[in-house]
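**Student:** What follows is the residue order along each chain.
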Amino acid sequence: MKSKSINPSETEPSSTGALIRLVADLLESGDYGQRVLEVDAESVRVLEMNGALSATIPIADIHNARNEPVVGGGRLEVTTKKGEKLALISYTHTIAARFSEAARGIEQLAKGEELLINLKPQRTHCEKCKRLLPEVDGICPACVDRGKTLLRIARFMLPYKYWAITLATLAFLTTVLNLVPPILQGRLIDEVLQRHTNYPLLYQLIGVWVGIALTSSLINITRDRIVAKLAGSIAADLRATVYRAIEFLQLTYFDKKQVGAISSRVTTDTDRVWGFLVEGVPYFLLNGLMLVGVSAFLFWTNWFLALCILAPIPVIITIAVRFWKPMTQMFYKVGQKWARFYIHLNESLNGIRVVKAFAKEDSEFHKFTKRNVELQEAGVKADSRWFTIFGAMLFFSSLGTIICWLVGGAMVVRKELTLGEFYRIHAYLALIYGPIQWFAAVNNWFSRAMAGADRIFEIIDMEKEAYRLDDGVRHDIKGEVHFEDVRFGYDKSNPVLKDINFVAKPGEMIGLVGKSGAGKSTTINLIARFYEPDSGSIKIDGLDYREIELQHLRRQIGIVLQEPFLFNGTVAENIAYGKADATMEEIVEAARAANAHNFIMMKPDGYDQMVGERGAKLSGGERQRVSIARAILHDPRILILDEATSSVDVETEKQIQEAIGRLVAGRTTFAIAHRLSTLRNADRLIVLDRGKIVEVGTHEELMEKKGVFSKLVETQSEIQEIIGFDLGQAEAAK
Amino acid sequence: MITPTSDNIKLFHEPKDVLRMTVADQYSVVQIEPRWAAPLSHPGQLLGLMNSKGEEVLLLPTVESLSAVNQEVIQRELDRRYLTSTVHKIVSAKVEFGATYWTVITERGQRDFVVQSLQENAQWLGERQLVFVDIDHNRFEVPDIDKLDPQSRKFIDSIL
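Protein chains in written order, with my numbering: chain A, 1 to 734; chain B, 735 to 894.
Errors might be hidden in some of the hints.
Dumping the calculated BS3-like pairs for lysine-lysine here, alpha-carbon to alpha-carbon at most 30 Å [unchecked claim]:
{"no.": "1", "chain 1": "B", "residue 1": "K881", "chain 2": "A", "residue 2": "K367"}
{"no.": "2", "chain 1": "A", "residue 1": "K492", "chain 2": "B", "residue 2": "K750"}
{"no.": "3", "chain 1": "B", "residue 1": "K881", "chain 2": "A", "residue 2": "K381"}
{"no.": "4", "chain 1": "B", "residue 1": "K787", "chain 2": "A", "residue 2": "K711"}
{"no.": "5", "chain 1": "A", "residue 1": "K81", "chain 2": "B", "residue 2": "K750"}
{"no.": "6", "chain 1": "A", "residue 1": "K370", "chain 2": "B", "residue 2": "K881"}
{"no.": "7", "chain 1": "A", "residue 1": "K381", "chain 2": "B", "residue 2": "K823"}
{"no.": "8", "chain 1": "B", "residue 1": "K787", "chain 2": "A", "residue 2": "K705"}
{"no.": "9", "chain 1": "B", "residue 1": "K787", "chain 2": "A", "residue 2": "K692"}
{"no.": "10", "chain 1": "A", "residue 1": "K617", "chain 2": "A", "residue 2": "K579"}
Calculated directly from the structure, the hints in this document are not laboratory data.
Chain B on its own, in the form it takes in the complex:
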């Protein structure tokens, strides 16, 4: 059986919402799930294509190693599978009654959330990268605090 590589695979949705992969037009893997190896610490690197049994079929160094058509298809699937929001701006943050209340603007729009036990639910991934996990386990990522506006940084600095 031919080993899949970034050059010999073709990705497409068939049926409508099922990602399928054919390898060198020889055989098909019918249900593919893309999974980032380390989406927070190494975003955009090492994308695993897993079959329905949860076994890795192919590990891509980056999405860019795929053809433009495949990239578009995989991106669509990734957008569905990763609902973590990236924080662009912090509109307000306050500590009250042992919880922290946040209003943020993300790439998905504005959202309010509450974080309890900051020491557990504000996770530092390095010096400047931060992930908030709210009471419902939704995740809000700040990839680089230094890239936030001064007011947003001030909110983080005043609480964390």
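Next up, chain A with everything else stripped away, as it sits in the complex:
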């Protein structure tokens, strides 16, 4: 009997009256299998699939419940009121988020609260073909109509439809003109050469031939020029569409993907698609027509000879169909190797300073060579296989010619066919095998283009940020920010922020404090709506910020990061990034407020100084001040300062602090600072620990309280003393 895979979707929970019923995909032994978690108002139970009860805990005894993340999955842990910790049930990552939600539900029930969780059943398999879906609740690519994909990519031709129609018409004319010379040649053979006379007809036919050659050449030139125009335009449109789609993708996508892999979708994949669109689609119809038309002409001329010379065609079609899939797979593999190659190339070039500093040129070259050889081997293997198959198809094509000479030659000898007719049939043979070979090759071309199209549409169809919510409100922010029971995790099964509640008043400066990993950066990521809470809400001026049009919201939020990112352009362009219509006077004013004006004026080209890629031509402190000037000009209502002064020297920090002092005035500000002393000016400090708020108060209040914050300050002072002592000793040793 064929063994069966155990996958979580195969048994969806049925209704048994339980408030929560989830099927786990791991047995107690760790093997794949199914167990059931059932929760009702009285108890939490674990049942085996045969109905046997493995564990039960009364709700009244539960203190808390959580999903404990483990490597490759999670387990539901319950802590009883006696402090006893019980591991109830284990599961893989596939369903960990649902069990995390169940844990929240158990806690709500244990606290006597209303059950407010979202346990919408997940769709992991296609209902139609039962295939595993590439994404939970996603589309089944097997059941997506290929014709629709083709139509969808063909839509990119719509803006150029008249050019495309002209192109197809010209290609059709070329084909028709190509049919004429064999007719002329046939007549020349029969009516001039074999009769050894009739000069007037010779000149007449040659004249027509020259005319056709000339017309044909003009048509070809025009056609190729249209191809160039169409190719350039469609390629640009495709790249723009994909780039635009990438821009609006949620940040979670960028967290998971490498930049090299994303870039290849804009370059390689779009190239494949436009190549097929421009050079493939128009000829698809044309070659089909040619095949049918010439075959009919051959049968009309001599059906028996036509039948003989077309005999190898079924073999050619069989070869093409048989090797289509393996070839697609091989070319896919080559694609993988290209992607690996690009990733390494991008990484090593971006990190070239580190490579040089550690003298790792040789080891990087070794890695490069490895990827290069992998790519070479995969490419050679795929191309070799392809050329072998192609060679075999060519052989069977040439069999058609040989049969033509064998059967047709005998017919000429027997005078059943004139030499001219034989020549014409022979010439048409090339016109029929050409399209057949094209159709054979188009399989591979089509597969590559479809794979590229799939990857492009994967991006285009991916869930975007709700950037232009139709019913989004355009709200002018006053500055109140209210976190209400906010819970969030990058991995939904493992929340990094839990039960966050606070209100920041308009114009207030809030310092976010805590150890590394406490949730500070996550909090500001949520404020900027790079991510949205999994539960609870964030309100701005009393309005759920998801109801505010995202672009409008972000225009009113300014961010100054620890490592400011500047774009390759002039200083002025970077300062005016958030306000493209800013006047030069406004830019200078912002730079002055950011203590950046003086150093900018000292640059040879002043505000026209190019900053280089990522601002590499400026120092860290200069980059930071330009980014502050950018934020000042942007004039946000809510300001986020993420470790804005941690990577600069003391003098620069003083200048930056001054600039920040001007920047924060009148704006609701959230600041994270490594040096806790720099947050003295904050109106309030929020201390986070393991994703929860543990203290709130002013600097003085928290120091007096002698709690978590006070300990953090003490630890930092001790470290600074140690560093100071070490530095002092080092100086003394000199």
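Start from chain A and add chain B according to the hints.
**Tutor:** Same frame as chain A, now just chain B:
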């Protein structure tokens, strides 16, 4: 305070699902989590015993350095904490629509999974060791491709 070593510690579950450690019968660390230092590249080597604050209490060169009783207890905890599956055989693998579909037999049983973006989610850890990360972040490890049967190797070779 006596420094814990592989010889003077005693590991046990108390309460039921909490791993606890006593050192030379002098003091107890109540919540211990075993963590492999490099579970993929150096399996079975360097096991850290971490306390509830995430601080290392003891680093063991191997589990074998513990007594048989301690080994049994720690193994039970490791089995719970590491759910990565080891692939013994590849039943089928195919590339379709930009994703790869796999059916494998692991030490935990048979499983189907889908991997997208192979260049990112099929991670080579050396020449012959491979880890697949599926769309849900489940991990499937092939410790040594050469130890797979020819058909399984052929599947990998045809795709990667």
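**Student:** Next, verify each hint and record whether it holds.
**Tutor:** Structure-based check of all given hints:
1. B:K881 x A:K367: 25 Å, holds
2. A:K492 x B:K750: 28 Å, holds
3. B:K881 x A:K381: Roughly 24 Å separates the two Cα atoms, so the pair holds.
4. B:K787 x A:K711: 16 Å, holds
5. A:K81 x B:K750: Holds, at about 15 Å.
6. A:K370 x B:K881: 23 Å, holds
7. A:K381 x B:K823: Given pair K381 (chain A), K823 (chain B) holds - Cα atoms ~25 Å apart, limit 30 Å.
8. B:K787 x A:K705: 23 Å, holds
9. B:K787 x A:K692: 16 Å, holds
10. A:K617 x A:K579: 23 Å, holds
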